[in-house]
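J.: Letter by letter, the chains look like this.
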Amino acid sequence: MDANCFESDLLFKLRQVVNKFVEVEDYKSAAFWSNKVISLSNECKDDVYILAKCFFHLKEYHRASHCIKSRNLHKYDLSCRHLSAKCHFVAQEYNEAFEILECSESGNTNNKEMEVDPKLDEDERKWRSAIALLKGQIYEAMDNRGAAVTCFKEALKWNIHCYEAFHSLVQHQMLTIQEEEELISSLNFDAHCSSEEAKFTKFLYQSQLKKYAKPSDFVIPDDYLNSLQTNVDVQTAMAERCYYNCDYHQCYKFTSQYVFILNAFARNDDILKLRVLEKDIYHTECLPIHLSCLMELKKTNVLFDLAHKLVELYPESPISWYAVGCYYLMINKTDAARRFLNKATTLDSVFGPAWLLYGHSFAVEKEHDQAMAAYFKASHLMKGCHLPLLYIGLEYGLTDNTKLAEKFFNQALVIAPDDPFVLHELGVIAYQNQDYNTAEKHFNHALSLVKMKKDGTSLPEKWEPLLNNLGHVLRKLKKYEEALQFHREALVLSPQNPSTYSAIGYIYSLMCQWNTAVEYFHKALGLKREDPFSTAMLGHAIEHLINEITPIDDELPMYESPDYITKFLSKNNLEDSTLGDKLLHGTEVETEKSENERNNNTDIDMEISGE
Amino acid sequence: MDEETIRSDLIHCYYESTIRGLKQSAKWCAELLHSLPPKCPSSSIVAEASPLLITASDYLLAKSCYDLGEYERCAHFTKHSTSRDSRFLYYYSRYMSAEKKRLDLMAEMNTNTSSATSSTDNSMNLFNELRNELQNLHDKGSLEDGFILYVYAIVLLKLDLNSDALKILEKSIRLEPLNWASWHQLALIIEDKAQLDSLQLPTHWFKKLFLGAAYLELQLNEEALLLYYAILDTFKDCNYIYSQMAIAKHNLRDVDGAIELFKTIRTLDPARLDAMDIYSNLLYVKDKRAELSSLAHAANSIDPFRVETCCCIANFYSLRSQHTKAVVYFSRALQLNPRHLSAWTLMGHEYMEMKNTGAAIQSYRSAIKCNKRDYRAWYGLGQTYEILKMPSYCLYYYSVARCLRPNDSRMMIATGETLEKLDRNMDALKCYWKAGGMALVKLAALYERLGERDKAAAAYNDFINRSTVPSGMDNIQSSVNSSDIAHAYKFLAHYYLQKNELTSAYNAAQRTIQFAETRDEGKSILKQIITAAKTSFLDLN
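Top to bottom, those sequences are chains A and B. Position 304 of the first sequence, counted from 1, bears residue number 304 in our numbering, the numbering being contiguous throughout. Position 534 of the second sequence, counted from 1, bears residue number 534 in our numbering, the numbering being contiguous throughout.
Note that these hints are calculated values from the structure, not bench results. Hints should not be assumed to be uniformly reliable.
[Stated by the list, open to error] Straight-line C-alpha distance at most 25 Å; calculated SDA-like pairs for lysine to any residue:
#, chain 1, residue 1, chain 2, residue 2
1, B, Lys389, A, Pro465
2, A, Lys298, B, Arg73
3, B, Lys140, A, Glu489
4, B, Lys372, A, Gln178
5, A, Lys199, A, Gln178
6, B, Lys421, A, Gly539
7, A, Lys567, B, Ala445
8, A, Lys567, B, Thr503
9, B, Lys389, A, Glu519
10, B, Lys372, A, Lys567
11, A, Lys528, B, Lys372
12, B, Lys100, A, His249
13, A, Lys528, B, Gly437
14, A, Lys523, B, Arg339
15, A, Lys299, B, Lys372
16, B, Lys171, A, Leu459
17, B, Lys236, B, Leu199
18, B, Lys369, A, Leu459
19, A, Lys567, B, Glu452
20, A, Lys462, B, Leu157
21, A, Lys451, B, Leu159
22, B, Lys389, A, Glu548
[Stated by the list, open to error] Partner residues aside, some chain B positions facing chain A, computed with beta carbon under 10 Å:
#, residue
23, Leu159
24, Gln335
25, Asn337
26, Met426
27, Tyr432
28, Asn461
The beta carbon of each residue, even a glycine, is placed where N, CA and C say it ideally should be.
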């Protein structure tokens, strides 16, 4: 009894010791004492779990796993099974990890797994969710993305708060936009939490959904306006919307590190609103968008600084190397860019942006095949993302393969039916195929989507090609006035664009308004000398124009009137001298001649007055 | 319009411009103000017009940065300011910063003329960014400040969106009539009289001065002169108005009148350089070497780094046929202000003198880019293409020049000559006829070439009658080329000989031999006439 009592007392003390060491993250000491606890407690399940966890934190994965497996705990305890599988997963032994997850009760739980029983206690659900998440991660690592998706979904169903599963699904582009929406609607938010909480979670999740597939506004519900407006994740979501709406400056405002004083009200409220990266300078979700923004705005210097800092602090993170790749691509050093992007994709093979950028690095060098290979890889990794397909289509288009280009654009359209970029490209293809009506339809559709934004701001500069292309199509359809209208709008977005000027000039020349046409071709040539189209058209227009140039009024010289000539002929205009006399003395001519020879070198005025 | 209102308006405009860093506009106000008679000290306006002292620290810091040309700093400190003048400074300093970058780039480009567009892209992006922001503000209806609208307008102008800029300037003036900068800018961009009449502007006494400036731009010089004469009653001896009038007279080719005015200005305000380049043009036309030289030296000692000074010096060199040096000074002027129109045109002329057609075309085109209505540049382009033997381009340029100066015979003659080259003789005839005056000889020559000898004879005859004053041939009008007259007489001699009107033929031939270049031919005609006369005399007998 005494011994027992002593032991249990000791056990209690030792467990406290272990807990304290775990709290201060001294796993070595914790493991030592935990080992003793196990001996004392006769291998109590919870104590073994703690020991294994200590090993796990000490990065002694196999020891941790063995600790559990040797006692067969993984067969009937969910937490132990999860831990031991996770050990193998971290050690990249996916098959072992998988075996552990599958090994026990495979017979009886398999059917049950899919249906979520709310009556299960919370603890159980927690572990089931964690296990499903782990399974998903293993599948993903083994490149079995279909199975991974199922597992992640399952994890979410077990535990609605399992953000990592949601994150993997959404950020790794595993679902199409419809599937994402289905997922959100299928999730039973209310089953897990109160209605207020459910609303909150749903809003947060929705804010993460496909932001680039169509231009839209992002509105924070009034309830959360005060609390969430400055939340890092929400602001990132807002920044992303801005980015995909091509409002780069606004986006940069969100993501950049400036301290922003909410202008007029700052003095009253005294709120200093910090922007995302100021608060959390290495916020990983925000970084890709921030980097893209820096690239769009050509802020080379800022990008350089950031990439340096990131690599210094997080050499193991793919985003650091991605940032370096961005920088090199921006300064047109494609080789270096590819080297670093490669590094990023090695660190995280599902890091989509790096793959796309890898493709871009080839595309800017007009290496179409290699670019396409990279995009194909990206499209394989990001099944739910239409961007790789869009870029593949673009590359096909550039290599004059309109059929294939169209095919890929259509595939992209299936994934993202409301993306104006895809519609725009489809329009371009139709234009190239001389199917102008279809082209006009696509362009107009794209334009209506772009214009859907409600905040009343003007179109971003990015859409200047769309307006110009609409102009070209309408010109082909002989709707000249409308075409001109679009070109003029394009000119507002991107002023002093020589090709727009030359397009306007072309329309005017088709409308036979040669004068205006010449003016516009001149403008175009002034901005871009040696442009063969404008030069040729200018010559053409001028040829036409000069035939139209006539003296302002059609008054004829009076010499054209026969009366005047008759009158002129009737009078002798020069009969004022003494010809008769001189004629009689023909010799006089001779004398005059010699006289004149003497005066030969004098001024004309002198000669004249000499008479 | 009573004097006190004018005075208080000008003081108001002066201070509003000064606090915003609109220096030219402020100077303009002060210049007009100075020309008003000295005010009576008891006037009540003194208190009213004295400006409020601005004490906001953000404004003060920003303004001092602005004054030192640190535009980006100025923009930084006004970013979140809310007062009207700080908001204005925020946008205007950003505009100035972009403009400064653009000018710096252009100065570099002038020296190495290639690599044109890419480097200007950056400043164009800045302008576009500014446009985007201001346009959003405007579209939302939260841009109701006349001064900021002025910035919006000049940004639009930089981006070549003139029709939009026009509307914005109108609005700016309606909201804030006491902003001369907007009036001034508006005057520069109006394209024709119809557009000027269609503007909806408030009835304010500034409008008169605006109309004067606009008339000058539109080459409505008589109207401008009338208007300025009227205003001169209020603003006695105002140099601004004098120089505007001088420019009008210059445009009207009233060279002496313009020179007189400039002399007056120089005595009243000897250190004033504004518009002195035009004075130097006038002296150049008059071939007044000494005056031009003294003007150039004076300007150089006042400030060698002014556009006007450089133009004076360039004209001075040009008159001495040192064209290379002239080009150097014109391009220096253009580095100081790439939008200085007449320097571009004159540089084009210099390149023409140096037979460098490519550079000439470039200069003229730049001039046209600055101002589409500069007929000299269009005319110069026509001349260049004439040398390059491209008559269709040439015709186009001449016709534009002709539209801009409908009553200028030089344009008509040039158009006619080109039409003749293109074998459109009938049109050419009409041009010569319309041009009148000495173009008659061209008309006659064309008739001669076309074999219409009767008409040619009639025209030559009229030409001779017109170019020689009735008293005889002793003073041929200076503008007439004597070889034209010689040719005319020669033709007439042949013509009458052929028609067997020997008396007339004899007379003509007599005149012909008085000119050196036709003497020999004249004599042979004379011999023929005498032979013919003898034959006919014998026949008669």
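J.: Does each hint fit the structure? Answer for all of them.
T.: Comparing the hints with the structure gives:
1. B/Lys389 <-> A/Pro465: violated (39 Å)
2. A/Lys298 <-> B/Arg73: The given pair, whose Cα atoms are some 21 Å apart, holds under the 25 Å limit.
3. B/Lys140 <-> A/Glu489: holds (18 Å)
4. B/Lys372 <-> A/Gln178: violated (56 Å)
5. A/Lys199 <-> A/Gln178: holds (21 Å)
6. B/Lys421 <-> A/Gly539: holds (18 Å)
7. A/Lys567 <-> B/Ala445: Holds, at about 21 Å.
8. A/Lys567 <-> B/Thr503: Distance ~18 Å between lysine 567 of chain A and threonine 503 of chain B Cα, so the pair holds.
9. B/Lys389 <-> A/Glu519: holds (21 Å)
10. B/Lys372 <-> A/Lys567: violated (47 Å)
11. A/Lys528 <-> B/Lys372: holds (19 Å)
12. B/Lys100 <-> A/His249: holds (22 Å)
13. A/Lys528 <-> B/Gly437: violated (43 Å)
14. A/Lys523 <-> B/Arg339: holds (16 Å)
15. A/Lys299 <-> B/Lys372: violated (37 Å)
16. B/Lys171 <-> A/Leu459: Holds - the C-alpha atoms of leucine 459 of chain A and lysine 171 of chain B are around 23 Å apart, at most 25 Å.
17. B/Lys236 <-> B/Leu199: Violated: lysine 236 of chain B and leucine 199 of chain B sit about 29 Å apart, past 25 Å.
18. B/Lys369 <-> A/Leu459: Outside the cut-off at roughly 28 Å; violated.
19. A/Lys567 <-> B/Glu452: Holds - the C-alpha atoms of glutamate 452 of chain B and lysine 567 of chain A are around 16 Å apart, at most 25 Å.
20. A/Lys462 <-> B/Leu157: holds (21 Å)
21. A/Lys451 <-> B/Leu159: holds (23 Å)
22. B/Lys389 <-> A/Glu548: Distance ~20 Å between lysine 389 of chain B and glutamate 548 of chain A Cα, so the pair holds.
23. Leu159: At 3 Å from the nearest chain A Cβ, leucine 159 of chain B passes the 10 Å test, so the hint holds.
24. Gln335: violated (19 Å)
25. Asn337: Status violated, d = 19 Å.
26. Met426: holds (8 Å)
27. Tyr432: Nearest chain A Cβ about 7 Å off; hint holds.
28. Asn461: Constraint on asparagine 461 of chain B satisfied, holds at 5 Å.
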